[in-house]
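Asks: Residues per chain, in single letters:
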Amino acid sequence: MSIGSRLTKRARRGAQIGSAFFHIGVRDSLNYPLALVMQGLATFVPIVTFMFVAELVGDNGADVAFDYYTFVVLGIATMSVLGVTLNSFGGAMLNFVTQGQLEMFLVEPMPWRALPFALVPWPTFQAFATASAMVLLSIPLGAEYALSGVPIAILIVLMGFAATLAVGILGASIKVLSKRTDPVLQLYTIAASVLSGAFFPLELLPPWIRAFSWVIPHTYVIQALRRVLMPQGEVLAGPTAWQAIGALAIFSLVMYPIALWVFGRTLEYGRKIGALSGY
Amino acid sequence: MSDPIVIIDHLRKVYEPYSRGMKLLLRTAVKEPVVALDDISLEVHPGELVAVLGPNGAGKSTLFRVLTGLTTPTSGEASILGHDATRESTSVRRLVGFMPAENRTLLLRHTSRENLAFHGRLQGISKRHLADRIDETLEKVGLFDARDRVGFALSSGMLARLMLARAILHEPSVLILDEPTGAVDPIGSFELLGLVQEIAKKQDLAVLISSHRLDEVELLNDKVVLLDKGNVVYSGDLDTMLAHSKRPVIEIEFDGEEAAESGMSVLRQIAGVDGMELEGSLLVLTTELPMGRIMRAMDGHVDRINSIGRTQPRLRDVIRQMLRVSGAEGQ
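Those protein sequence lines, which keep their order, are chains S and X. Residue 159 in numbering that gives the first Met the number 0 sits at position 160 of the first sequence, with consecutive numbering throughout. Residue 99 in numbering that gives the first Met the number 0 sits at position 100 of the second sequence, with consecutive numbering throughout.
One or more of the hints may lead you astray.
In silico lysine to any residue, SDA-like type, Cα no more than 20 Å apart, as pairs [unchecked claim]:
(1) X:Lys22 to S:Leu266
(2) X:Lys30 to S:Tyr268
(3) X:Lys22 to S:Val261
(4) S:Lys271 to X:Tyr14
(5) S:Lys8 to X:Tyr14
(6) X:Lys126 to S:Pro110
(7) S:Lys271 to X:Glu76
Examples of chain S residues lying across from chain X (beta carbon under 10 Å, computed) [as the list claims (entries may be wrong)]:
(8) Ile16
(9) Ala19
(10) Met103
(11) Ala117
(12) Arg264
(13) Tyr268
(14) Arg270
(15) Leu275
Simulated coverage check for chain S against chain X, where a stretch passes if three residues somewhere in it have a Cβ under 8 Å from a Cβ of chain X [what the hints assert, rightly or not]:
(16) 23-37
(17) 91-102
It is worth saying that the hints were derived from the structure and are not from the lab. Cβ coordinates follow ideal geometry from the N, Cα and C atoms, glycine included.
Can you make the complete structure from the sequences, with help from the hints?
Replies: Rendered as structure tokens:
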């Protein structure tokens, strides 16, 4: 069998497993309609809150492209969508372990290495829909966006998904063994919320801390989205859209081999010590 | 006889205490190495049903976990149709249908059909065949009429059948059933096992089944593997196992528990009674003494005896005896 047809076969199988979890995710969410509605409503709270904060901040300078509200909404929406990608695999694993279903999934004849990719499409789709709704809701509340930037913005977000999923796989690798927590994701999430400049311009950070901002994919996504989606975004410092896409691609190229290798090793170690499907 | 489907060759599994680093992530009760399987060898042929018996901690679950790829052996090999369970885990899982003890492994808020559709996709059944395969399998386990009912609306017996359907959906060569009748009532259990026998025969499946209910093992009446502390105490057919215990058994049914207790204290005085067990008003003796000698000894209690007779040794007693012998040999 040629490499091409082998890859096609693998991709098809991956899509089949992904679609299985996507279907189940959709049905599960619809089974708890009130929870779904409340979850949706909760995500709008910061959009409304920051409308008032933006009024308090008042006239804005060039470091927020003269519109703090739009600036911060993009930061919040990105944090929310990338946060889900980051945690969805580990969260799904934890759910299946506590519900007693993980062992049954692992016994099925699917490559375990497909799981990090198969478990994330539905939560990511949900997060993307929520983030889009956040952005749309912010328009009547005073935010302004440059529609011409939407196509490239989607590409930036997709690259951001890919990069943060690699970090998520690395974190979930530890969760395979620890079951409940993983220091990688916890530290990363804390760092990302401060270092990515979601709520304030990066220039406010001391220069030595700011250097660390650029090792986090969140920073590239947030900064680049602001540049392409804010009407006066070009005045902002930071990478252009293509620079950000390039950086995210390099990050993914470096991180995926590491994350998948660590994931494979922890699975093997879990099998050896008999801790794979336990709780 | 045809070639074996499952070959287990000198399999050994030792659970080691966690390393310091691992202990930071997760605590374990294992303080010293635990030998879960100790040099186990076994073959299972197509159409054969093997009941894996043994007390808790005997190694049944570890054996199943090795065969399903969830854990790796410390040494030795386990293979299914030539595929090594450690190195070719995905291929092996394609050949194995697994039915766990707990029905919470099902998606209980989803219908029978949705459950099978989900697992069918994970099992790699093509979209073109999946719907038909689901209907056929539900028909096979007698759940076709309940295809659109959610898990929570099914009885324990129906949930067990749904788990069986899930295990056979991808047409495996080996069926591994881990205490499949755990929460099912006795009638439902016998129906389920009958179904397993029927499917195994029709599809020429090799079946490994663990159970704590010995009446079920007697019903299956095929090969038995008795494990104790990771060792095979007995491997062979059930009849030979029962014949293994040649010690005769006499059962005396009294007209009440008090009379049975009193009869027991009388029989304790006489030599030649090797074992006695009281179950309510039934006294079970292991003895080679003639029945007349027993009756004579019971002289003052004869009018309280409802029935007396020699019986075949019961499976439970045979197993207990074998485990006792194996324990004594191990010390």
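Asks: Each hint: holds or not?
Replies: Consistency of the hints with the structure:
{"no.": "1", "hint": "X:Lys22 to S:Leu266", "result": "holds (17 Å)"}
{"no.": "2", "hint": "X:Lys30 to S:Tyr268", "result": "holds (18 Å)"}
{"no.": "3", "hint": "X:Lys22 to S:Val261", "result": "holds (18 Å)"}
{"no.": "4", "hint": "S:Lys271 to X:Tyr14", "result": "holds (8 Å)"}
{"no.": "5", "hint": "S:Lys8 to X:Tyr14", "result": "violated (37 Å)"}
{"no.": "6", "hint": "X:Lys126 to S:Pro110", "result": "holds (19 Å)"}
{"no.": "7", "hint": "S:Lys271 to X:Glu76", "result": "holds (14 Å)"}
{"no.": "8", "hint": "Ile16", "result": "holds (6 Å)"}
{"no.": "9", "hint": "Ala19", "result": "holds (4 Å)"}
{"no.": "10", "hint": "Met103", "result": "holds (4 Å)"}
{"no.": "11", "hint": "Ala117", "result": "holds (9 Å)"}
{"no.": "12", "hint": "Arg264", "result": "violated (13 Å)"}
{"no.": "13", "hint": "Tyr268", "result": "holds (8 Å)"}
{"no.": "14", "hint": "Arg270", "result": "holds (5 Å)"}
{"no.": "15", "hint": "Leu275", "result": "holds (6 Å)"}
{"no.": "16", "hint": "23-37", "result": "holds (count 4)"}
{"no.": "17", "hint": "91-102", "result": "holds (count 4)"}
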